[in-house]
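Asks: Heads up: the protein sequence lines correspond to chains A and B, in order. Its first residue numbered 1, the first sequence is counted upward by one per residue in our numbering. Its first residue numbered 1, the second sequence is counted upward by one per residue in our numbering.
The hints are simulated quantities; they were obtained by calculation from the structure and are not laboratory data. Ideal Cβ positions, reconstructed from N, Cα and C, are used throughout, including at glycine. The reader is advised that the hints may include incorrect statements.
[As the list claims (entries may be wrong)] Restricting the straight-line Cα-Cα distance to at most 27 angstroms, the calculated cross-link-like pairs of lysine-lysine (DSSO-like) are:
#, chain 1, residue 1, chain 2, residue 2
1, A, Lys299, A, Lys119
2, A, Lys354, A, Lys473
3, B, Lys121, B, Lys178
4, A, Lys354, A, Lys25
5, A, Lys34, B, Lys6
6, A, Lys219, B, Lys121
7, A, Lys25, A, Lys274
8, A, Lys118, B, Lys6
9, A, Lys42, A, Lys244
10, A, Lys446, A, Lys33
11, B, Lys6, A, Lys473
12, A, Lys23, A, Lys34
13, A, Lys42, B, Lys6
14, A, Lys299, A, Lys277
15, A, Lys122, A, Lys299
16, A, Lys446, A, Lys353
17, A, Lys33, B, Lys117
18, A, Lys42, A, Lys353
19, B, Lys178, A, Lys122
20, A, Lys354, A, Lys446
21, A, Lys42, A, Lys119
22, A, Lys410, A, Lys25
23, A, Lys258, A, Lys274
24, B, Lys6, A, Lys119
[Claimed, not checked] Covered stretches of chain B (in silico footprint by chain A; criterion: 3 or more residues with CB under 8 angstroms from a CB of chain A, positions within the stretch not fixed):
#, segment
25, 17-25
26, 152-162
[Unchecked claim] Computed beta-carbon distance windows for the label pairs:
#, chain 1, residue 1, chain 2, residue 2, range
27, B, Ala8, A, Trp103, 19 to 25 angstroms
28, B, Ile17, A, Tyr126, 18 to 24 angstroms
29, A, Tyr126, B, Ile99, 46 to 52 angstroms
30, B, Asp173, A, Tyr126, 36 to 42 angstroms
31, A, Ser280, B, Gly18, 48 to 54 angstroms
32, B, Ile99, A, Phe298, 54 to 60 angstroms
33, A, Val228, B, Ile17, 28 to 34 angstroms
34, B, Asp173, A, Asp324, 53 to 59 angstroms
35, A, Asp311, B, Gly18, 56 to 62 angstroms
36, B, Ala8, A, Lys244, 33 to 39 angstroms
37, A, Asn157, B, Ile99, 21 to 27 angstroms
One letter stands for each residue in the lines below.
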Amino acid sequence: MMREQTADMNQTLGQSPNLVLSKPKDSVRLGEKKLQEFNRGKDLIEALGWASLIAVVAMFLINGGLQNLSDLGSILYAITRLTALVATNLLLIDILLVAHVSWLDRYYGHDRVTQAHKKLGKPILYLVIAHVIASVWQSSITENSNIIDQFFSMITNIPDLLTSAFAFGFMIMVVVTSLNFARKAIPYEAWYFLHLFAYGAVLLAIPHQFSLGSDVAGKEIASYYWIVMYVFVLGNIAWFRIAKPIIRALSSQLRVSKIERTSSDSVSVYLSGKNMKRYSAEAGQFFLFRPLTPTQWFKPHPFSMSASANDDYVRFTIGSRGDDTEEIQGIQVGTPVMLEGPYGIFTESRRTKKDVVLIASGIGIPPVRALAESMFARPEDITIIYRVRDENDAALIDETRELARIRGFKLQVLSGKRGQPNSWMSASSTPATDLDRLLEIAPNVKESDVYVCGPTAWTRAVERTLNRAGTPKQHVHTEEYAW
Amino acid sequence: MRTSTKSAIGAITLGVIGLSYNLGEQAVIVSHSFSAPPLAPSTSPEVSAQPSASASTSPSPGTSTTPAKPSTVAPSPSASSSQTQAPVVIPPTATSKTIAGPVIQSGYGTVQVKVTKVGAKITDITMLQANATDGRASAFPYLVQYAIDANGTNFANLSGATYTTDAFKQSLDAALAKF
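This is chain A alone, in the form it adopts within the complex (with noise of 0.2 angstroms):
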């Protein structure tokens, strides 16, 4: 049946002037056993991670670390050593995480990932902060001096102590310029800048770690297990970061080749160049976009893709979200870009049900629509949702209405004002709730996979609706732009 329903769509491929749609996926895999395999994955990342902690406090009790807590001193000297086994441990971790590792995408996705990165930060400045003022304490109760002059004297007098000194100003600076408030004060621009000092801070407490650290210096399991974390770190960014994307970009040397206005507020670019196999994404995955400008090359912008990928172009739709979209809108044909990517698991991967409920509101659309393109499904296993605010004038419409036509999908357009407070749909005539309009276009949303995109705040309303319909956690999938 699937197969006659393929033979289909290729004879009605053709048939649209407006739409060259690409194939869809010939076959999927479902059920709740691929659910699993992710959660396994998921615990085996998480119990290595976890592992790796276990391992360095474990190597400072066995060296006595605990023992002998007879005073003051002593308790600030384990003090000193354990706060900066553990935040070490954890930065490695939290640079990790922002390494943008294609394993770690694979299974949380780029927000989540981010998302772990930041709630890491302050933790750990915390655990160095209390390492410095342990450690400083510790030596001025036993030299008889005071805390500020004990610091200047081991800053001054104990070797690689005065580059873990600008390290630990780099932290703090790095940290605090990442607080909510300062974000909002900053350009991003200053605040990335700023942030590339997070690698110079790892970098100058490195050699205080292996000529001091009582409990790395001259311990040969601590030392090995320490080098291969930073070797495996450090090279994890060195290649993920630095390494692919500039070898790609030199290799394909994309460039803008078509530019096309989809709505009065959105435009649609066309990237090609050679070998564009390597860009090969999955549908609903995103890439960061560089357009190599003189202004413009430092600013990646996170875009999802917004047609499948195929072997001649990567198609971005841009919306006008009030920063530096409206500048990029403006980009020339033959401009070039670097993408990094592709990222995300708003993708069929997630899928282990027959019947998908795809959601959008409005510049949340294009991974939608590649989905639709993509995804494998009979005419009505699929039901698309578009909230607009004009239907007239919103992204990708045309488009979108075209292809659930030729596919054959419901697609429902939710045109006009906002109706309830706290209500993701379009005013309506009837009382009748958002959950109760949602049971009547997809009856069996409670049974499908939902794939929700937009902005935040309204993405929370849906899922309070998919809540109350009764559709499972794991069955909603979101993707926000994480930062």
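Chain B: place on chain A using the hints.
Replies: Chain B alone, transformed into the frame defined by chain A:
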């Protein structure tokens, strides 16, 4: 993480932490803030165990063996007595020379060493200044022994006396550089 995985990992964690703490307790604790690894019998046990054999296989019959003297600063731990019996092979032409290193601030006190070398071999190290607070001074006999065994500064730091070890090595290195 799934609940089952979480509880399994939690249990393993507790086990590992408990075991490591016990192992730490058994570790040799010399002073409250400093634990020295037990002194190895010798870096060349076959020589110290059979001094007569080593003498007979010695290439030059005119060699004399001088036991390395124990440290002059503190009563050496018992382990060093067997340690110091290792025969030192000295070429007949070698002369003894003694040089003092600079005074180094460890952060816990001042450290200064005086080294005696016969030929290429360190035969004695005397502590001219051996100040280290909070029990760290008990590290010096070990450091002296380690340096003599290693014939230089290529030995592991003492846990809990890292700064002191470092200062000791600096003073020793500077002295050795003058030979």
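Asks: Each hint should be assessed against the structure and marked as holding or not.
Replies: Evaluated hints:
Only pairs whose Cα atoms come within 27 angstroms are accepted, and Lys299 (chain A) paired with Lys119 (chain A) is accepted, the gap being roughly 23 angstroms. Taking the CA atoms of Lys354 (chain A) and Lys473 (chain A), the gap is near 17 angstroms; set against the 27 angstroms cutoff, the hint holds. Of the pairs offered as hints, the one joining Lys121 (chain B) and Lys178 (chain B) holds, with about 14 angstroms between alpha carbons and a cut-off of 27 angstroms not exceeded. Between the alpha carbons of Lys354 (chain A) and Lys25 (chain A) the distance comes to roughly 14 angstroms, so the proposed pair stays at or under 27 angstroms and holds.
Between the alpha carbons of Lys34 (chain A) and Lys6 (chain B) the distance comes to roughly 21 angstroms, so the proposed pair stays at or under 27 angstroms and holds. At roughly 26 angstroms between alpha-carbon atoms, Lys219 (chain A) and Lys121 (chain B) fall within 27 angstroms of each other, so this suggested pair holds. At roughly 24 angstroms between alpha-carbon atoms, Lys25 (chain A) and Lys274 (chain A) fall within 27 angstroms of each other, so this suggested pair holds. Proximity of Lys118 (chain A) to Lys6 (chain B) is assessed by CA-CA distance (about 23 angstroms); at most 27 angstroms being required, the pair is judged to hold.
For the suggested pair Lys42 (chain A) and Lys244 (chain A), the alpha carbons sit about 24 angstroms apart, so the restraint of at most 27 angstroms is met. Of the pairs offered as hints, the one joining Lys446 (chain A) and Lys33 (chain A) holds, with about 19 angstroms between alpha carbons and a cut-off of 27 angstroms not exceeded. Under the criterion of a C-alpha separation no larger than 27 angstroms, the hint pairing Lys6 (chain B) with Lys473 (chain A) is consistent with the structure, at around 20 angstroms. This hinted pair checks out: Lys23 (chain A) and Lys34 (chain A) have alpha carbons roughly 24 angstroms apart, not beyond 27 angstroms.
Only pairs whose Cα atoms come within 27 angstroms are accepted, and Lys42 (chain A) paired with Lys6 (chain B) is accepted, the gap being roughly 12 angstroms. A threshold of 27 angstroms between alpha carbons decides the hint, and for Lys299 (chain A) with Lys277 (chain A) the separation of about 25 angstroms falls inside it, so the pair holds. Simply put, Lys122 (chain A) and Lys299 (chain A) have alpha-carbon atoms about 25 angstroms apart, close enough for the 27 angstroms limit, and the pair holds. For the proposed pair Lys446 (chain A) and Lys353 (chain A), the alpha carbon gap of about 10 angstroms is at most 27 angstroms, so the pair holds.
Only pairs whose Cα atoms come within 27 angstroms are accepted, and Lys33 (chain A) paired with Lys117 (chain B) is rejected, the gap being roughly 72 angstroms. With a C-alpha separation of about 21 angstroms, the suggested pair Lys42 (chain A) and Lys353 (chain A) falls inside the 27 angstroms cut-off, and the hint holds. About 49 angstroms separates the Cα atoms of Lys178 (chain B) and Lys122 (chain A), which puts this hinted pair outside 27 angstroms; it is violated. A threshold of 27 angstroms between alpha carbons decides the hint, and for Lys354 (chain A) with Lys446 (chain A) the separation of about 12 angstroms falls inside it, so the pair holds.
A threshold of 27 angstroms between alpha carbons decides the hint, and for Lys42 (chain A) with Lys119 (chain A) the separation of about 18 angstroms falls inside it, so the pair holds. A distance of roughly 19 angstroms separates the Cα atoms of Lys410 (chain A) and Lys25 (chain A); the hinted pair therefore holds under the 27 angstroms criterion. For a cut-off of 27 angstroms, the pair hint linking Lys258 (chain A) to Lys274 (chain A) stands: about 16 angstroms separates their Cα positions. A C-alpha spacing of about 20 angstroms is found between Lys6 (chain B) and Lys119 (chain A), which places the hinted pair at or below 27 angstroms, so the restraint holds.
By the rule of at least three residues with a Cβ nearer than 8 angstroms to a Cβ of chain A, the coverage given for the segment 17-25 of chain B holds, with 7 such residues. Residues of the segment 152-162 of chain B lying with their CB closer than 8 angstroms to a CB of chain A number 7, which satisfies the three-residue condition for coverage. Between Ala8 (chain B) and Trp103 (chain A) the beta carbon distance is about 23 angstroms. The supplied range of 19 to 25 angstroms therefore holds. Checked against the given bound of 18 to 24 angstroms, the beta carbons of Ile17 (chain B) and Tyr126 (chain A), roughly 22 angstroms apart, stay inside it.
At roughly 48 angstroms, the beta-carbon separation of Tyr126 (chain A) and Ile99 (chain B) lies within the given 46 to 52 angstroms, and the hint holds. A C-beta distance of roughly 38 angstroms is found between Asp173 (chain B) and Tyr126 (chain A), which places it inside the suggested range of 36 to 42 angstroms. At roughly 50 angstroms, the beta carbons of Ser280 (chain A) and Gly18 (chain B) sit within the given window of 48 to 54 angstroms. Between Ile99 (chain B) and Phe298 (chain A) the CB atoms are about 57 angstroms apart, so this pair conforms to the stated range of 54 to 60 angstroms.
For the hinted restraint 28 to 34 angstroms between Val228 (chain A) and Ile17 (chain B), the CB-CB distance of approximately 22 angstroms leaves it violated. Between Asp173 (chain B) and Asp324 (chain A) the Cβ separation comes to about 56 angstroms, which falls inside the hinted range of 53 to 59 angstroms. Between Asp311 (chain A) and Gly18 (chain B), the C-beta spacing of about 58 angstroms keeps the proposed range 56 to 62 angstroms intact. Ala8 (chain B) and Lys244 (chain A) have their C-beta atoms about 35 angstroms apart, which keeps the hinted 33 to 39 angstroms range intact.
For the pair Asn157 (chain A) and Ile99 (chain B), the beta carbons lie near 23 angstroms from each other, so the given range of 21 to 27 angstroms is met.
The structure fails to meet hints 17, 19, 33 from the earlier list, while all remaining hints are met.
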